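Enquirer: Residue numbers (the working numbering), protein chains in the order written: chain F, 1 to 525; chain H, 1 to 347.
Hints in this document: simulated from the structure, not taken from any laboratory. Treat the hints loosely; a few may be bogus.
[Unchecked claim] No farther apart than 27 Å at their CA atoms in a straight line, the calculated lysine-lysine pairs in the DSSO-like style are these:
| id | chain 1 | residue 1 | chain 2 | residue 2 |
| --- | --- | --- | --- | --- |
| 1 | F | Lys29 | H | Lys207 |
| 2 | F | Lys29 | F | Lys93 |
| 3 | F | Lys213 | F | Lys93 |
| 4 | F | Lys441 | H | Lys291 |
| 5 | F | Lys93 | H | Lys217 |
| 6 | H | Lys207 | H | Lys176 |
| 7 | H | Lys177 | F | Lys29 |
| 8 | H | Lys268 | H | Lys176 |
| 9 | H | Lys233 | H | Lys268 |
| 10 | H | Lys176 | H | Lys291 |
| 11 | F | Lys218 | F | Lys258 |
| 12 | H | Lys207 | H | Lys177 |
| 13 | H | Lys331 | H | Lys268 |
| 14 | H | Lys328 | H | Lys252 |
| 15 | H | Lys233 | H | Lys324 |
| 16 | H | Lys331 | H | Lys291 |
| 17 | H | Lys324 | H | Lys291 |
| 18 | H | Lys268 | H | Lys291 |
| 19 | F | Lys29 | H | Lys324 |
| 20 | H | Lys184 | F | Lys441 |
| 21 | H | Lys252 | F | Lys29 |
| 22 | H | Lys268 | F | Lys29 |
| 23 | H | Lys252 | H | Lys184 |
| 24 | F | Lys441 | H | Lys217 |
| 25 | F | Lys93 | F | Lys295 |
| 26 | H | Lys217 | F | Lys29 |
| 27 | H | Lys252 | H | Lys233 |
[Stated by the list, open to error] Facing chain F, a subset of chain H residues (Cβ under 10 Å, in silico):
| id | residue |
| --- | --- |
| 28 | Pro37 |
| 29 | Glu38 |
| 30 | Ala39 |
| 31 | Phe153 |
| 32 | Val156 |
| 33 | Trp174 |
| 34 | Asn183 |
| 35 | Lys184 |
| 36 | Leu209 |
| 37 | Val212 |
| 38 | Leu246 |
| 39 | Ala248 |
Note that this is a predicted model, so its numbers are computed, not measured. Each residue gets a CB set at the ideal place from its N, CA and C atoms; glycine is no exception.
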Amino acid sequence: MLRQMKKIIPLGLAAGIAVSASAQTVTLKSLDGATSLSGEFIDYDGQTYTIRTIVGDLTIDAFQVTCEGDACPAAETETESFAISGDSNAVGKLFADLLFEFGLDIGGDTMTSLDATGPSQVQLRNELGQELASITLKSEGAVQGLRDLFSGDASLAVLTRPITEEENAIFRLAGLGDLTSPEQQTIFALDGLVIVTSRNNPLRAIAEQDLAKIFSGKVTNWAQIGGPDAAINLYVRDETSGTGAVFNTLVMTPAGAKVAGTATVLDTDADVAKAVASDPLGIGVTSLSDVGNAKVLAIRGVCGIQVPATPFTIKTEEYPLSRRLYAYRTNQELPAQLTRFLEFLNSEPAQITIANDGFVDLGVSFQSNDEQGLRYLSAVIPTDVEMTLAQLRDMTANLMASDRLSITYRFKLGSAKLDARAQDDIQRLAQLLSTGDYDNKELLLIGFTDAVGAGAGNLRLSKQRAEEVRAALLDALPEGAIQGLPIRALGFGEISPLACNESENGRHINRRVEVWLRDNVTVSQ
Amino acid sequence: MKIHAIVTGAALLFSASNVFAQSAALDDAVEMWLNGPEAASLETLSDLARGGETGAQLLLGQIDRDVVPGGYSEFVAGLDDVERDLLLRAGEPGESINWLLSLSDPELADLGNAIFSYRVGRDPIGNALALQKNGEPAAAENVVWNTLNNGRFDLVNSIPEQDYGLSDAGFLQWIKKYMASPNKALTMNRLLEDPSPQKVMGLLAVKRLARVLNLNKYFSDEIDQFITILQGKGYDLPEDTNLVELSADIEKIADLDGPLSIVERACKRWETEHIDYECVIQALEIVNGYKTVMSIRTPSENVIPADEFLASERAVDIFENLVKSRSKYYKRPIRSSTLQQLLSGEG
Numbered sequence: 001m002l003r004q005m006k007k008i009i010p011l012g013l014a015a016g017i018a019v020s021a022s023a024q025t026v027t028l029k030s031l032d033g034a035t036s037l038s039g040e041f042i043d044y045d046g047q048t049y050t051i052r053t054i055v056g057d058l059t060i061d062a063f064q065v066t067c068e069g070d071a072c073p074a075a076e077t078e079t080e081s082f083a084i085s086g087d088s089n090a091v092g093k094l095f096a097d098l099l100f101e102f103g104l105d106i107g108g109d110t111m112t113s114l115d116a117t118g119p120s121q122v123q124l125r126n127e128l129g130q131e132l133a134s135i136t137l138k139s140e141g142a143v144q145g146l147r148d149l150f151s152g153d154a155s156l157a158v159l160t161r162p163i164t165e166e167e168n169a170i171f172r173l174a175g176l177g178d179l180t181s182p183e184q185q186t187i188f189a190l191d192g193l194v195i196v197t198s199r200n201n202p203l204r205a206i207a208e209q210d211l212a213k214i215f216s217g218k219v220t221n222w223a224q225i226g227g228p229d230a231a232i233n234l235y236v237r238d239e240t241s242g243t244g245a246v247f248n249t250l251v252m253t254p255a256g257a258k259v260a261g262t263a264t265v266l267d268t269d270a271d272v273a274k275a276v277a278s279d280p281l282g283i284g285v286t287s288l289s290d291v292g293n294a295k296v297l298a299i300r301g302v303c304g305i306q307v308p309a310t311p312f313t314i315k316t317e318e319y320p321l322s323r324r325l326y327a328y329r330t331n332q333e334l335p336a337q338l339t340r341f342l343e344f345l346n347s348e349p350a351q352i353t354i355a356n357d358g359f360v361d362l363g364v365s366f367q368s369n370d371e372q373g374l375r376y377l378s379a380v381i382p383t384d385v386e387m388t389l390a391q392l393r394d395m396t397a398n399l400m401a402s403d404r405l406s407i408t409y410r411f412k413l414g415s416a417k418l419d420a421r422a423q424d425d426i427q428r429l430a431q432l433l434s435t436g437d438y439d440n441k442e443l444l445l446i447g448f449t450d451a452v453g454a455g456a457g458n459l460r461l462s463k464q465r466a467e468e469v470r471a472a473l474l475d476a477l478p479e480g481a482i483q484g485l486p487i488r489a490l491g492f493g494e495i496s497p498l499a500c501n502e503s504e505n506g507r508h509i510n511r512r513v514e515v516w517l518r519d520n521v522t523v524s525q
Numbered sequence: 001m002k003i004h005a006i007v008t009g010a011a012l013l014f015s016a017s018n019v020f021a022q023s024a025a026l027d028d029a030v031e032m033w034l035n036g037p038e039a040a041s042l043e044t045l046s047d048l049a050r051g052g053e054t055g056a057q058l059l060l061g062q063i064d065r066d067v068v069p070g071g072y073s074e075f076v077a078g079l080d081d082v083e084r085d086l087l088l089r090a091g092e093p094g095e096s097i098n099w100l101l102s103l104s105d106p107e108l109a110d111l112g113n114a115i116f117s118y119r120v121g122r123d124p125i126g127n128a129l130a131l132q133k134n135g136e137p138a139a140a141e142n143v144v145w146n147t148l149n150n151g152r153f154d155l156v157n158s159i160p161e162q163d164y165g166l167s168d169a170g171f172l173q174w175i176k177k178y179m180a181s182p183n184k185a186l187t188m189n190r191l192l193e194d195p196s197p198q199k200v201m202g203l204l205a206v207k208r209l210a211r212v213l214n215l216n217k218y219f220s221d222e223i224d225q226f227i228t229i230l231q232g233k234g235y236d237l238p239e240d241t242n243l244v245e246l247s248a249d250i251e252k253i254a255d256l257d258g259p260l261s262i263v264e265r266a267c268k269r270w271e272t273e274h275i276d277y278e279c280v281i282q283a284l285e286i287v288n289g290y291k292t293v294m295s296i297r298t299p300s301e302n303v304i305p306a307d308e309f310l311a312s313e314r315a316v317d318i319f320e321n322l323v324k325s326r327s328k329y330y331k332r333p334i335r336s337s338t339l340q341q342l343l344s345g346e347g
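Working from the sequences, and respecting the hints, build out all of it.
Expert: In structure tokens, the structure reads:
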């Protein structure tokens, strides 16, 4: 006998348990009461309802509705509690802001509690004011973030560096999964470190190999690097800060150096920029977003390639001091609101917040071939690249009247397997192309390699990588989404390095598949 | 009478067209009302109605019944009670009755009641079914669309199995096709290439449900701007909106969409020597959006097919009258040079 009692369920509080029930009609009402839907109950997966209706099967956001009907799943009335732990700036500032935007995005709001170090607790509420989750923000650094994740004290660890092999092994051995797998790792933003001086300083660029020497105190006078005869004043962040740690990882540690004890250590990136801007003899490391009135120096690689720090070169990760921001989780079931929040990280409002907070968002940018002069200079400058004029001409012909997208796919040495960010970028590109705004264009996927190995082999490998991206993209595209948009996979081997092949980081930058959109022009007969 | 045969026949159930043969006199009067002088045509229709011409009775009944549809005009609005009784209603002045409730052929009472009653009561789907059953499918579809856009998809989903083809309504089919498609992106290109005449209705209905279905992420900026215009909120468009491109797109969409074509043709009728990308946008603002324009439709599909009415000058006249009358309550500055001229009486 059917139960006659009607159940009204605040689904925002419901646990993520799949439910099956015999065919029964349910009514789903939006929390604001403005929309009512009914249909035959098909499924509930903790996040969405599926009902069968007069217009087919509809998937409804379970957090936006209440459910009425015998088939509705039982309510879970307890508020979720979980913690996010990790990098101080990313968790304490960026994630606090992202959670605020998330609250708005779901039609509710958030209440943030502060302690001496910043936001510490966020109450997430739906539009009816019901508390959905209590989220603790722990800004005690990457290592503590991973410890909290391991012990279960946090559901998410936020790092401004990738997890190391050793750290990941500990999670694997404990049965908590592979944190570097696409299921457990989310890259949600990018960042760029920049070397800054006063605007009065005549220097425009600095050699990559001199950075460690300068910041370790081996080079102490501007005259040694082409400046005036005066002592160099160093300004840095503490090595436990994200900026300090990444600078050490990318510059100091590979050179076997440490930041000199004479350096002035400041509390924020903005403080570094401000101090350097007002000191004609100063040089410092800060983030691109906090440059203020300081002057950014271009970094010249050992082979002569010089890449400026711009959001585009950071998005393509061709700027040598680019870094990714990671959110890691274990293989345990996530709180429903955290799953929802992680999906939100890829949305436009989230990416705008990321950009507003000074990080580089993952949104797709475009750059005309006219702005790609560096490509041609760097094709001829390095001496270790096997290239013929015919190859360069062929590449140029393909890139004429084309725009490059900031999406760039990268590969491990000798491999044609896409890396973690590439998997997300495949979805991002598929979504972009599905808009139909690029009909009457041609999509070019152009593979390149580093200079390791023979030129002929690299040519084959670059084509293979482009084909790999093409196959993954076609798999990700919805049926019929790109009628009228041909996709071509090309490979040009090692002929267009965007970084010096002398360093591992440079070789990684060069092993890539670029994405270009070219106008289709039909010439009359 | 042929109308009787059709109303009682199965063919009517799925037909929106004027399939019965009318008298030549009625045809002439209808044509005059659609594209000629209003007062004279209503006089002729009134004579025919009093002479027992059911088609004329249906038209006048609806014109009397509703402000829109019904040939809303300064002329009709200016009639006093006696003039209205004599011109638009059955019976004698003071004791008159709407023609829809006193059709000469008693077997058409259901049709008359369906048209007369569809806005009354709390059973929109029942009303829509009555209209559909009696050969008024466009009106029926309109009722269903309004029900959905009022947030009551649960009522729409309650359409019974014996629905006389109501669930085949074009915009419901459009939504069904969209929901079944793996590609959910809604872009201007997709809309422009879509051959369905109900695509605008479908688009607005999907937008109404987009929040709970988590579909907003699939709407491109241009589509959102188009929807903002359709909702009569053109004043809310982002500053970087490309009005030139958007206007060209709206013009193309209006080729297939009846209500939008009325707005386009009205702006062309009023146009001055100035290029004006704001006319359609602000005209929709003044009348409170596409939903209002959708209510401008044939008084009876049994007499005038929906498409024929939408293509007529009368439809544009009604829209013009709506713009003029509602502009009195519109407090924003007039941005459109065309509308400035129209509303200042210079047009």
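Enquirer: Taking the hints in turn, state whether each one holds.
Expert: Structure-based check of all given hints:
The hinted pair formed by F/Lys29 and H/Lys207 meets the criterion: a straight-line CA distance of about 16 Å does not exceed 27 Å. For a cut-off of 27 Å, the pair hint linking F/Lys29 to F/Lys93 is broken: about 35 Å separates their Cα positions. Proposed proximity of F/Lys213 and F/Lys93 is contradicted: the alpha carbons are some 33 Å apart, above 27 Å. Proposed proximity of F/Lys441 and H/Lys291 is contradicted: the alpha carbons are some 36 Å apart, above 27 Å.
A threshold of 27 Å between alpha carbons decides the hint, and for F/Lys93 with H/Lys217 the separation of about 26 Å falls inside it, so the pair holds. Proximity of H/Lys207 to H/Lys176 is assessed by CA-CA distance (about 14 Å); at most 27 Å being required, the pair is judged to hold. Of the pairs offered as hints, the one joining H/Lys177 and F/Lys29 holds, with about 24 Å between alpha carbons and a cut-off of 27 Å not exceeded. Between H/Lys268 and H/Lys176 the alpha-carbon distance is near 35 Å, which puts this suggested pair outside the 27 Å criterion.
About 21 Å separates the Cα atoms of H/Lys233 and H/Lys268, which keeps this hinted pair within 27 Å; it holds. Simply put, H/Lys176 and H/Lys291 have alpha-carbon atoms about 21 Å apart, close enough for the 27 Å limit, and the pair holds. This hinted pair checks out: F/Lys218 and F/Lys258 have alpha carbons roughly 10 Å apart, not beyond 27 Å. Using a Cα cut-off of 27 Å, the hinted pair H/Lys207 and H/Lys177 holds, with the two alpha carbons roughly 15 Å apart.
Pair hint H/Lys331 plus H/Lys268 holds up; C-alpha atoms about 24 Å apart against a cutoff of 27 Å. For the hint linking H/Lys328 to H/Lys252, the alpha-carbon distance of about 30 Å lies beyond 27 Å, and the restraint is violated. For the hint linking H/Lys233 to H/Lys324, the alpha-carbon distance of about 18 Å falls within 27 Å, and the restraint holds. Proposed proximity of H/Lys331 and H/Lys291 is supported: the alpha carbons are some 20 Å apart, at most 27 Å.
As the CA atoms of H/Lys324 and H/Lys291 are separated by approximately 17 Å, the hinted pair is consistent with the 27 Å bound. Pair hint H/Lys268 plus H/Lys291 holds up; C-alpha atoms about 21 Å apart against a cutoff of 27 Å. Using a Cα cut-off of 27 Å, the hinted pair F/Lys29 and H/Lys324 is violated, with the two alpha carbons roughly 39 Å apart. For the hint linking H/Lys184 to F/Lys441, the alpha-carbon distance of about 21 Å falls within 27 Å, and the restraint holds.
Proposed proximity of H/Lys252 and F/Lys29 is contradicted: the alpha carbons are some 37 Å apart, above 27 Å. Our distance criterion of 27 Å between C-alpha atoms is broken by H/Lys268 and F/Lys29, whose separation comes to about 43 Å. Note on H/Lys252 and H/Lys184: the hinted pairing holds, with a Cα-Cα distance of about 22 Å set against a maximum of 27 Å. A hinted pair counts as satisfied when its Cα atoms are at most 27 Å apart, and F/Lys441 with H/Lys217 qualifies at roughly 23 Å.
A hinted pair counts as satisfied when its Cα atoms are at most 27 Å apart, and F/Lys93 with F/Lys295 qualifies at roughly 25 Å. As the CA atoms of H/Lys217 and F/Lys29 are separated by approximately 21 Å, the hinted pair is consistent with the 27 Å bound. For the hint pairing H/Lys252 with H/Lys233, the CA-to-CA distance comes to about 21 Å; that is within 27 Å, so the pair holds. At a threshold of 10 Å, the smallest CB-CB gap from H/Pro37 to chain F is about 44 Å, leaving the interface hint violated.
Here the hint on H/Glu38 is broken, as its CB sits about 40 Å from the closest CB of chain F, past 10 Å. The criterion of a C-beta within 10 Å of any C-beta in chain F is not met by H/Ala39, whose closest approach is roughly 44 Å, and the hint is violated. The beta carbon of H/Phe153 comes within 5 Å of a beta carbon in chain F, closer than 10 Å, and the hint placing it at the interface holds. Given the 10 Å rule on beta carbons, the hint for H/Val156 holds: about 6 Å separates it from the nearest Cβ of chain F.
Because the smallest distance between the Cβ of H/Trp174 and any Cβ of chain F comes to about 9 Å, under 10 Å, the interface hint for this residue holds. At about 4 Å, the closest approach between the beta carbon of H/Asn183 and any beta carbon in chain F falls short of 10 Å, and the interface hint on this residue holds. Taken as an interface hint, H/Lys184 checks out: its beta carbon lies about 7 Å from the nearest beta carbon of chain F, inside 10 Å. The interface hint given for H/Leu209 is met, as the beta carbon of that residue sits about 7 Å from the closest beta carbon of chain F, less than 10 Å.
Satisfaction of the interface hint for H/Val212 is found here, the shortest Cβ-Cβ separation to chain F being roughly 5 Å, below the 10 Å cut-off. Given hint, H/Leu246 at the interface with chain F, is violated; its Cβ is 14 Å from that chain's nearest Cβ, farther than 10 Å. A hinted interface residue such as H/Ala248 counts as satisfied when its beta carbon comes closer than 10 Å to some beta carbon of chain F; here the least separation is about 16 Å, so the hint is violated.
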